[in-house]
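**Q** Going down the list, the sequences are from chains W and F. Going by this note's numbering, the first sequence opens with residue 501, and the numbers climb by one from there. Going by this note's numbering, the second sequence opens with residue 390, and the numbers climb by one from there.
Hints listed in this document are in silico derivations from the structure and should not be mistaken for laboratory results. In this text, a Cβ means the ideal position worked out from N, Cα and C, and glycines have one as well. You may find that some hints are simply not true.
[Stated by the list, open to error] Here are some chain F residues pointing at chain W (derived, C-beta under 10 Å):
#1 Ile465
#2 Leu481
#3 Met553
[To be verified] Below, in silico cross-link-like pairs of lysine to aspartate or glutamate (DMTMM-like), each with a Cα-Cα straight-line distance of 20 Å or less:
#4 W:Lys575 - W:Asp631
#5 W:Lys575 - W:Glu608
#6 W:Lys575 - W:Asp600
#7 W:Lys575 - F:Asp454
#8 W:Lys575 - F:Glu463
[To be verified] Covered by chain W, according to a simulated footprint, are these stretches of chain F (three or more residues, beta-carbon under 8 Å):
#9 467-476
#10 499-510
Each chain, written out:
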Amino acid sequence: MPCPTLGTFRQAIQFVLLIGLGSAVMIGCGVLNPSLIGSVGGNTATTVKAPSGYNVFIIQNVSATPIRVRTEVTKTNGGIVPLNISLTAFQRVMRTQECDIQSVAITEAVAGTDESIDITNNTGTLQGTTDLPCGSVVLIQVTGPIPPLTLQAQVF
Amino acid sequence: MMRRKWMLAVAGAVSLAHLSCINPTLTNSVNGGIYPLAPGDTPFLLVQVVNNSTATLSVPIQVDDGAITTYRLEDIPPLGRESGILLRWPVLRFAVGSISNPFDATAGIKAVFPSGLQTGVPFNMAALQAGVSYFQGDTVIVNVQADQRNTSVLTVSVARIDGMTQQGPFTGADTFETTQLVLDLFDPVKVLNDATAGN
Chain W
501 MPCPTLGTFR QAIQFVLLIG LGSAVMIGCG VLNPSLIGSV GGNTATTVKA
551 PSGYNVFIIQ NVSATPIRVR TEVTKTNGGI VPLNISLTAF QRVMRTQECD
601 IQSVAITEAV AGTDESIDIT NNTGTLQGTT DLPCGSVVLI QVTGPIPPLT
651 LQAQVF
Chain F
390 MMRRKWMLAV AGAVSLAHLS CINPTLTNSV NGGIYPLAPG DTPFLLVQVV
440 NNSTATLSVP IQVDDGAITT YRLEDIPPLG RESGILLRWP VLRFAVGSIS
490 NPFDATAGIK AVFPSGLQTG VPFNMAALQA GVSYFQGDTV IVNVQADQRN
540 TSVLTVSVAR IDGMTQQGPF TGADTFETTQ LVLDLFDPVK VLNDATAGN
């Protein structure tokens, strides 16, 4: 077997460097990857995928009665995330969901603590594609000085 | 010479094939994004919990904004993946579980596995502080994932989307600007006063 020449040796090194460069680009892109976010504290080796956007749900109680609202968010992959919110008088809370929503349904709305009173809710199921485009803000508001209370949902 | 040009061409092709690896937050800040990934220049802090485990999680978020309040993100299933809470600024500090004892598993995340196994997951890091771990307009992502060697063991890690890179302009809806407007227009006390005046 003939001894490798210097030229052959240089070509081999260039080939290895080329493969290494390509690999570094691919691996490095795992760090630069669009959707991976650097971590803070804890395990610095862990990165997570960034969302594509958010929908915000503002649930507020414009009444003097404590309320409880349960909303089910169905994701496009079939997963269901419940938003169980209990609010005191004139309190509000803001929850978020990423923009992979298929539908949102308010499944329960009651007022009072010891004696639950149904809240009138004429809001149907909100469909993700038509009613809740990405970036939407949904205001779920319970109003009424005294029971019976009413619940309304508005999308902005 | 031809062989060198060929090698450079291949290297270039490999790089071009991974142009999608350019950091989108950089792209966002230079070219403007579609939707904001963090509150940006609005007075909020977004805390998002991501469930990358096989368990259903109930996550308490304890917040100190001058008073201690605990918010509960309940029953986040693996398929549902995530749930978040938007907090009005200032948020002085917050932790998953207990601010005073973030290493307490009983006060931390409650995980229920498909087998019925239940376990508590501590935050295992000191409470995050404003100006140190996060700033106004940021998104803080709390990621819960299973240990690769033992899926019944869950760990918590934290990531941050810098709000400075999410100030627009956006080609899509400016979610958090809209949120601020809705909060101002539909302040509960204002709504009640308007309803009373109307009567």
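**Q** Does each hint fit the structure? Answer for all of them.
**A** Hint check:
no.: 1; hint: Ile465; result: 6 Å, holds
no.: 2; hint: Leu481; result: 17 Å, violated
no.: 3; hint: Met553; result: 14 Å, violated
no.: 4; hint: W:Lys575 - W:Asp631; result: 14 Å, holds
no.: 5; hint: W:Lys575 - W:Glu608; result: 19 Å, holds
no.: 6; hint: W:Lys575 - W:Asp600; result: 6 Å, holds
no.: 7; hint: W:Lys575 - F:Asp454; result: 32 Å, violated
no.: 8; hint: W:Lys575 - F:Glu463; result: 16 Å, holds
no.: 9; hint: 467-476; result: holds (count 10)
no.: 10; hint: 499-510; result: violated (count 0)
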